[in-house]
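S.K.: Based on these hints, arrange chain B on the given structure of chain A.
Those protein sequences? They're chains A and B, same order as listed. If you number the first sequence the way our numbering does, the last residue is 117 and the count never jumps. If you number the second sequence the way our numbering does, the last residue is 147 and the count never jumps.
No false leads were slipped in.
Here are the computed lysine-lysine pairs in the DSS-like style, where the Cα-Cα straight-line distance is at most 25 Å:
#1 K136(B) x K89(A)
#2 K100(B) x K98(A)
#3 K72(A) x K100(B)
#4 K100(B) x K89(A)
#5 K88(A) x K136(B)
Hint data in this document are derived by calculation from the structure and do not stem from the laboratory.
So you can see what is in the structure, the chains are spelled out below.
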Amino acid sequence: MSITIATEKQNNILMVKLAGELDHHTARKTRSVIEDELKLMKNAKLILNLAELNFMDSSGLGVILGRYRALKEAGGELMLCGLSPAIKKLLQLSGLLKIMTTYENEQEALKAYEVTL
Amino acid sequence: MSNFMELKINSCSENEAFARVTVAAFLARIDPTLTELSDVKTIVSEAVTNAIIHGYQECSSGVIELYAGLKERSVTIRIRDYGLGIENIDQAREPLYTSKPELERSGMGFTIMENFTDQLTIDSKPLQGTTITMVKNFEPQCVGATS
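Okay, chain A solo, but in the shape it has when bound (with noise of 0.2 Å):
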């Protein structure tokens, strides 16, 4: 049981597709190479996919809230992609369902940016 993170720039924009588990064992790795990504970038707009994460728990939260705090002291941004009914509860749960940016996929994430721009 593992997690895979792929990740993708374009300008300030961070893509990071998770597959796999996102639990306490996994959490370090997500969040140390989700860090490294973003150290150089200015005003990043990170967009996590999440459509390929089978599990995820409290831990997995953690890692979300800490990214959306860090981003904002920074000027940044947080979105969120591809979650699951299990993934989705477990957000309504916690109340960052409220706080955070949510959409079906990548494609609308990107669009949505791009609207603003």
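M.R.: Just chain B now, kept in the frame of chain A:
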């Protein structure tokens, strides 16, 4: 129909996935819905993670005991550690409370366990350990369904 399983594992984070998948496999015989199965995997993961992070302070040589007992369509899951214990259980149960904000913990573990189960009991003694007992009732099977 009643049945049980017991598992003893080391408190290393690799075992979080092992524990939740094992309990899910044990429950497969009652044909739970995907949502029920996902809920069970999540609560097992939360309790085992708590034992590792808070009970054993991420020291991997601790022992975690896991019991799952099935009675008809109700499962009792008990997860026990012999670690530090919880000083203030009421505070630990508060949504978003975490004793380790520096680790980017969401503080949602107990809230999730409470919401995804029908009953949650926390028994903890400082320096002796913590036992989490959760009961989850599964929906009756559809008439005509075969297992």
